[in-house]
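Produce the complete structure using the sequences and hints provided.
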Amino acid sequence: MRFLDKDFEEILSSELISIMGGLTVGIILAVFTDKILLIPGMLILLPGFLEMRGNISGSFASRLSSGLFLGVIRPDKFKTRIIQGNLIASSLLVLFLSFVLGSMAFLFSFFVLHVFIFRIILLPIVAGIIANAIEIPLTLFFTLYFFRKGHDPNNIMGPFVTSTGDVTSIISLLIAMVII
Amino acid sequence: MSFIKKHPAHRHLKKLQKLKRKHYHPLIHAIHKKHNISKKTLFYVKEYGPHSNVPRTIVKESIRILLLASLISSLGGLALENIKTFFVTIIPMLILLPVLNDMIGDYGTIISARFSTLLHEGKIKNKWWREIEVRKLFFQIITVSLITAVVSSAIALIISGFSLYMVDVMVIFKVLLVVIIDVLVLVSILFIIAIFAGFYFYRKQEDPNNFLIPITTSVADFGNMIVMAVLVLLIF
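Chains A and B supply the protein sequences, listed in that same order.
FYI, our numbering numbers position 128 of the first sequence as 128, with every residue one higher than the one before it.
FYI, our numbering numbers position 176 of the second sequence as 1176, with every residue one higher than the one before it.
Because the hints were derived from the structure by calculation, they are not lab data.
There may be inaccurate statements among the hints.
[Said to hold, decoys possible] Here are some of the chain A residues that sit facing chain B, going by a computed Cβ distance under 10 Å: (1) I19; (2) V31; (3) M42; (4) S91; (5) L92.
In this text the structure is predicted, and so the values were computed from the model without any measurement.
Cβ coordinates follow ideal geometry from the N, Cα and C atoms, glycine included.
The structure is reproduced here in structure tokens:
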């Protein structure tokens, strides 16, 4: 049985690129530990927040790719009903999920840690809005761009949105902390 | 949708767009047979046609699975929240936390997608442990996960060396031990889940792709933080 084949090379190379996004987030966490992680409930909020960003952008890119391949979305037209509908849906999902995650972290802090920290609810909402404003146009632009250049966005956008999404999310959280 | 106007079957496609979104209609099958348009294209035309509210459709269909995935990931954070004050002092593990979450989730996706394809291709029989393709997939994922675990640990240790954190031989050994055990345990668990759940959904005549990826990525996130918290407590 020969398992060091083309599949192995593809998985290894894409994973080596993918870990760079995670390492960037890890370094930011280590540098700003006192600002980010020492807030009560933050380790409950953070994994869900990062997961949410990757999932929303990932399914957005995937829906766009399907539409492009099926010919119902044109790669040179941004202002269409389907694209605008997708943008509105992504924003609504971010607002709702951020609120739920923030509330969960707040309840944990209040009932388990006995700390009343209301800003943990506001924090993901503000950070979610900032991250969405950066990540969704970026995903839209690059999905259409890769398609125009003859690539299959399905193969590229997955690792792209998880890596950029993680970095954008953590920077947005830092900005939100400054604002709040 | 300019595609519809130009298509020879435009009259049928217009009819399809006017259907209520939730209803399955024999017209889909008829157009698919007569004009050889794939069912996926017809599904898209019906799903996002002028009679459907696009944002509402997307929000309604995806909110439950997104909520579940985010909540499961956050529940894993509970384990680490309890040992946070200790955990944040181990800088290399702090750097490695998002890396491992991403990495193990990716392996869950790869195992699920490839095992589903093997099932669809009919390459897996009941005695799956005897199949060369399953063994090959297992060894590929285990090898890649060990290589990436060592590479990411090395980078995290080098970066930690630039901070005030003291990196000695013992720390290097402990970090590598935690990361390697974490990766081996979780990849094996994901593999077992993908095989048993894959067979279950396949026998129910469902597409395993639709179920395995959300299941394995959520287990990967949740499991990683629990296993990591336990290993950090035991080893550090």
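Out of the numbered hints, which ones does the structure contradict? The structure conflicts with no hint, since it agrees with every one listed earlier.
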